[in-house]
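J.: Just need the whole structure built from these sequences, with the hints factored in.
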Amino acid sequence: MVRGIDDPLQVLTVCGVGMGSSLILKMTAQRALERLGVKAHVEHTDLPGLRGMTPDVIIAQPLHASEVRGLAPIVVEVTNFLDEEALMSALAPRLREAGWLPDDR
Amino acid sequence: MDALRALLEFVANNILGQVPILIGLIVLVGLLLQRKSFRETIEGTVRAALGVQILFIGVGVFVAGLVAFQTIVSSAFRLTPPTSTNTLADFLAQRGGDITLIITVGFFFHLILVAVLRRLFNVGFVYLTGHLMFWISVVVAAVFVEVFPAVDTLTIVLVGGLVVAVYWTIQPLYIDRFMRRVTGHDQFGYGHTSSSAAWLAGALGRFVGDPEKHDSEKIKLPDSLAFFKDINVSTFVVITVIMLLAAIFADPKVVADEAAKENANLNPYLWTLIAGLKFAGGIAILLFGVRMFLAEMVPAFKGISDRLIPGARPALDVPVVFPYAPTAVMIGFLSGTVVFLILMGIFGAAGIATIVPPMIMLFFPGGGAGVFGNAFGGWRGAVLGGAINGLFLAVGQAITWGMLSNTAPELATLADPDWYIITWILLPVLLAVKAVVGG
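Protein sequence lines correspond, in order, to chains Y and G. The opening position of the first sequence corresponds to residue 30 in the working numbering, with each subsequent residue numbered one higher. The opening position of the second sequence corresponds to residue 6 in the working numbering, with each subsequent residue numbered one higher.
DSSO-like, lysine-lysine: derived pairs with alpha carbons at most 30 Å apart:
hint	chain 1	residue 1	chain 2	residue 2
1	G	Lys-41	Y	Lys-68
2	G	Lys-223	G	Lys-234
3	G	Lys-307	Y	Lys-68
4	G	Lys-307	G	Lys-41
5	G	Lys-218	G	Lys-234
It is worth saying that the hints were derived from the structure and are not from the lab.
T.: Put into structure tokens, the structure is as follows:
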């Protein structure tokens, strides 16, 4: 079983209340991970809801960087919530480093 | 005929009148149209219905907490607490079906308007901020029922749907020029009911400062302020501190009576802690419910829009502008909170009204106005933007509660600036219509 290939990665997108922008970010992240060929289960949540969860990847905006740091092996910050390409290039090296991205991609 | 009437009555009572079932059905149709798997269809339908049920429970808890707060703070100022003949919880039970249909019909009207605008002028955004689509529909329905208490479902859904569709279409457009300055691109628009405060911050920012010379992002705020970003924590802290202070100055009998409702053996001052937890807890439950049903509705709305208007740009929730000036967000929040608390004291001391600090509305619209103010006037613009929001929220709450006191007055305590403006425009218009056509 390899994370991201056989076993879906647990990915969380986060915003203050977990209703609006994290949901938009979830849709962007789903497409970005699909294009990377990574098997992933993406959910969205609010900041307090994040406590007690153990995701593999957290995607959030810089405003929340200090709150989410250290809560997952990979934490990625985004500025543009719709930019799939930017998210892919931010995720790819980190996923590869963790061995969660197939080498040929 | 009798059979038909019986069928219509059955549908009205059991489907249109039961919002969790109605929303569940709408989401079910959406998931079936998207050809989702059996498992996803069942999960999505149940989650949506459950989310609505949780939202209703949260509204009930919140309203109870709000009443306790208003009673104690009013007593401290020797005022009568705000009165009403109905509550938001009752209103959602009475007109929830109409509200759900207003969102659904309104979204299709909105797509038609956007499609026409794109064809004619090559402009237009598809509004995707789901929770505000819900709340604006509640506000419009409340104003309608306030003026026409017996309005039928067809009329309120068609006219209300048109009103919300026009708002969702115009709002991202009129602020687009400023939005491009904030983000530096035009991939998405601003879809948030703080637009009036954000627009004013953008328009007036240049008169108070310079975006380069006074850039907010050169300032480092103390880390100790970070806990305000967790709105559950900040709501509890601010509400409880105010209640504790108010309890000291309030009529001891009023405080003791309220505390006894919770538990006769409870110390009245410690009771304010429990009351603060219940207030913040109610809001947390309410938000959880909204999040749960939106998670099913928004992707469906986006799917429909992608299919019907390919390439249309979306208008998105306020936090999408936060990455462009995170410090301005905190500045706008803080300045708005200070302005609100000062006005709360003035309104109370002058006997004008008892108002409740709405921490979510001080944070998100205040943050948005801060970012727009910073883009045109640096940190000084951000302070101004937050102050404009604080002014809107304090004055708006004080005068709008009474306008909605026969339907859902608590909306006045949960409102962003645009909710007030829509109420202030729609109410006189409908009253004029009523004067002409009769009611």
